[in-house]
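Undergrad: Here are the chains, one letter per residue:
Protein chains: 2
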Amino acid sequence: MTADTSVTVDGDRFRDRFDAFNEIGATEAGGVNRPALSDANKQARDRLVEWFREAGLDVRVDAMGNIFGRREGRDPDAATVLFGSHVDSQYNGGRYDGVVGVLGALEVVEALNDAGVETDRPIEIVAWSNEEGVRFQPDMLGSGVYAAEFDLEYAYGREDDEGRTFGEELERIGYRGDAPCEPGDLHCYFELHVEQGPFLEREGVPVAAVEGVYGFAWLNVTFEGQANHAGPTPMTMRRDAFVGAADVTKAVRELTATEGTDLVGTVGSVDVWPNAINVIPERVEFTVDLRSYDNATVAAAVERVRNEVAWAAEREGLDHEVEEIMRIDADPFDEGCIETVVEAAEDAGCEYTRLVSGAGHDANYLNTVTPTSMIFVPSVDGVSHRESEFTEWDDVVAGTEVLLRAVRKRAEG
Amino acid sequence: MTADTSVTVDGDRFRDRFDAFNEIGATEAGGVNRPALSDANKQARDRLVEWFREAGLDVRVDAMGNIFGRREGRDPDAATVLFGSHVDSQYNGGRYDGVVGVLGALEVVEALNDAGVETDRPIEIVAWSNEEGVRFQPDMLGSGVYAAEFDLEYAYGREDDEGRTFGEELERIGYRGDAPCEPGDLHCYFELHVEQGPFLEREGVPVAAVEGVYGFAWLNVTFEGQANHAGPTPMTMRRDAFVGAADVTKAVRELTATEGTDLVGTVGSVDVWPNAINVIPERVEFTVDLRSYDNATVAAAVERVRNEVAWAAEREGLDHEVEEIMRIDADPFDEGCIETVVEAAEDAGCEYTRLVSGAGHDANYLNTVTPTSMIFVPSVDGVSHRESEFTEWDDVVAGTEVLLRAVRKRAEG
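As given, the protein sequences belong to chains C and U, one line each in that order. Position one of the first sequence corresponds to residue 32 (my numbering), numbered consecutively onward. Position one of the second sequence corresponds to residue 32 (my numbering), numbered consecutively onward.
Please keep in mind that the hints were generated in silico from the structure rather than gathered at the bench. Since the structure is predicted, the reported quantities are computational estimates derived from the model, not experimental observations. There may be inaccurate statements among the hints.
Unchecked claim - List of simulated lysine to aspartate or glutamate pairs, DMTMM-like, C-alpha gap at most 20 Å: (1) K281(C) <-> E370(U); (2) K281(U) <-> E285(C); (3) K281(C) <-> D302(U); (4) K281(C) <-> E316(U); (5) K281(U) <-> E255(C); (6) K281(C) <-> E285(U); (7) K281(U) <-> E316(C); (8) K281(U) <-> E345(C).
Unchecked claim - Label-pair restraints from in silico Cβ distances: (9) D325(C) <-> P169(U): 51 to 57 Å; (10) T267(U) <-> V148(C): 40 to 46 Å; (11) R195(U) <-> D350(C): 34 to 40 Å; (12) E354(C) <-> R195(U): 37 to 43 Å; (13) D325(C) <-> E285(U): 32 to 38 Å; (14) E85(U) <-> E354(C): 55 to 61 Å; (15) E334(C) <-> T289(U): 34 to 40 Å; (16) E199(U) <-> R195(C): 51 to 57 Å; (17) L217(U) <-> P265(C): 30 to 36 Å.
Backbone N, C-alpha and C fix where the C-beta goes; we use that ideal spot for every residue, glycine too.
Modelling step: build the complete structure from the supplied sequences, incorporating the hints.
TA: This is how it looks when you write it as structure tokens:
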């Protein structure tokens, strides 16, 4: 274990690089528009590769377009410490989501270079392809193939709204690499990321060691009633599918207010037919997103929502269907890696807390192939996926100091 | 007043004509697809004109494509008794809506011809253009121009979804007539129509004298909250625009359950942004349709909904806006014409009731230019605007017998 406290990141250099990088695909409202495999995403990738090389890294692009920058250690046979995030964005998204983790990783390398630190293990920084999943679904596709959650042909065949495939577009921008998309000999994985929630800002703490990620269930609910004229149809004879949807939405909100659970629930997508001002809704399809760090809580909530749907259907005389389209268990990160982040924060003299993430990350897939944890920095107002996304620069630097120390603890041990 | 009870309609002839007419634009599921100014609507018009001429009527097409068939009376200077309905349909609509009133009017003329009855006043039957308003908005455009609610240029400029105007399409199908679109010297107007609601079937009564039409208000409500990730955003920090919409939908339903009012209320159209499974809804726009035969009840309901919107916004921390996009007063028909329908039903030995219509009709515009009433026949299950729309033929015939007698009472008096 190294107690060398003189190695620190250069916040100004990092800031200049961050600002320059975010000129690529910049939007007028202060965000960036760099969806996966777009021209702006290609420019961002080109810039990364250029900077990786300038930092002396050995650049490798794999078959999914994941970009790796490798810095060898003293022991050529040692397993690799991997860290990074992603640089694709939402459509008109924010400047911090993903970018902080990739450019933060590069700043860690620069700091090691400046100080002439040689690590025992090799270290690699990574930018994963298609984390956001806004252009090609599902999200986290690059890390998903890497962790063998999806196979390569499946990923290549994913289509955007214009029918262009991931494979074609990857080829078009020149990032279908030769390296195999699979973990080599990994020691562990760290990811620095913005929280995308309000906890850290509310607590006034700059850094969190992330203990794991909420599990969740996604339900598609359909109600079918009868479309009739909104004038002559008496209230007592209505079979209004949207009244059913309103009932269930209220029930989801009440369910999450149950004391003693961390359950969150959202009705996010709602489609109504025929969707006319003077016609009683015949059909409504809507989604329910239920999350908790406790799998039993999610399971109980799913059962409760199924019951609420059945009760609403009975009250209103509706046909109903509930389809569970996804169920992901809670994902606790590696205790050792969490502890490393905690010690790194203490070494950096940085106030920290422990946190469970409500959102999924590439780290979830990495956690299936190597010990993993994450470092969160605050999101002002909890906002993400929007141009107004913002993190105080001091907090970004604090998180990067912690990342630097965590990587050193694992690479020099 | 004539007490000649030997003149009756021929239900079988009417039925043959009804079935033949509904082969035009017939759908596989037993409905018709004859939206305004479509090729099928042109064929239906051609057939009508042919039948009008065969019945000895003097056919006139006005500048809006409204088709009139005139039968002169003994007194060439007397004001005209007008009666009819429309033959345009919803997209994949039913066979009865409108058609019963136009072909029923033709059957009345045939019955008078068969019996050699000459009336004092001229009588005219009419098929109004674009009653449904599914292809060109607003609905009831032909009768609306006739009653000077809209001007001709406005009507000609209405566009369908493909950008084709009403004027161009009217020209294309050859129904932009030379006659001016305006009331001549009218004595009164009657319209036979399916109820489009469940009252008559529920009461087991074949015919209603329609006393008037509900007034209504249409509101557009917008809630704006904050789009955030459905995972990391705690329930207590959410500003979920769809929860607001669900609150107001439930409140509208409860409001209509207030004792002692005939109020009906519907949330029919709902649009959600960004409408993604894992994002808290930022913006919801929805409509509220409120109807009663009592204008004060509609006014009070509008105020209550405005309050419910404000309270929901306060609870959830939303911005809100309520726009009243239409308010139409209740439209009581002419007492004399209602009484004529009642007497006609009694003369026909037909059980009847009095009813207020929840839906609007061409008769509403006619009521602004001449004394008006309507005759309703039952809609099975209250269904209309769908291929399954159905009325027992005996009820159609009963309604037509009443129409025949009402017309004679006014034309021979």
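Undergrad: Mind checking the hinted window 37 to 43 Å against the Cβ distance between E354(C) and R195(U)?
TA: holds, 40 Å
Undergrad: Between the alpha carbons of K281(C) and D302(U), is the straight-line distance 20 Å or under?
TA: holds, 18 Å
Undergrad: Quick check on a hinted range of 34 to 40 Å for R195(U) and D350(C), using CB atoms only.
TA: holds, 38 Å
Undergrad: Does the hinted range 55 to 61 Å hold for E85(U) and E354(C) at CB?
TA: About 57 Å separates the Cβ atoms of E85(U) and E354(C), which means 55 to 61 Å holds.
Undergrad: I want to verify a distance hint. Is the separation of the beta carbons of T267(U) and V148(C) within 40 to 46 Å?
TA: holds, 45 Å
Undergrad: Please work out if K281(C) and E370(U) have their alpha carbons no farther apart than 20 Å.
TA: violated, 49 Å
Undergrad: Decide if the proposed pair is consistent with the structure: K281(U) and E316(C), CA atoms, cutoff 20 Å inclusive.
TA: holds, 18 Å
Undergrad: Given the hint that K281(C) pairs with E316(U), test it: the Cα-Cα distance must not exceed 20 Å.
TA: holds, 18 Å
Undergrad: Holds or violated: K281(U) with E285(C), Cα cutoff 20 Å?
TA: holds, 14 Å
Undergrad: Is 51 to 57 Å respected by the C-beta to C-beta distance linking D325(C) and P169(U)?
TA: Between D325(C) and P169(U), where Cβ atoms are some 55 Å apart, the hint holds.
Undergrad: Taking the beta carbons of E334(C) and T289(U), is their distance inside 34 to 40 Å?
TA: Once the Cβ atoms are compared, 35 Å apart, the range 34 to 40 Å for T289(U) and E334(C) holds.
Undergrad: Is it true that D325(C) and E285(U) lie within 32 to 38 Å of each other by Cβ?
TA: Taking Cβ atoms as reference, D325(C) and E285(U) lie about 35 Å apart, which means the hint holds.
Hint check: violations occur at hints 1 and 16; the rest are consistent with the structure.
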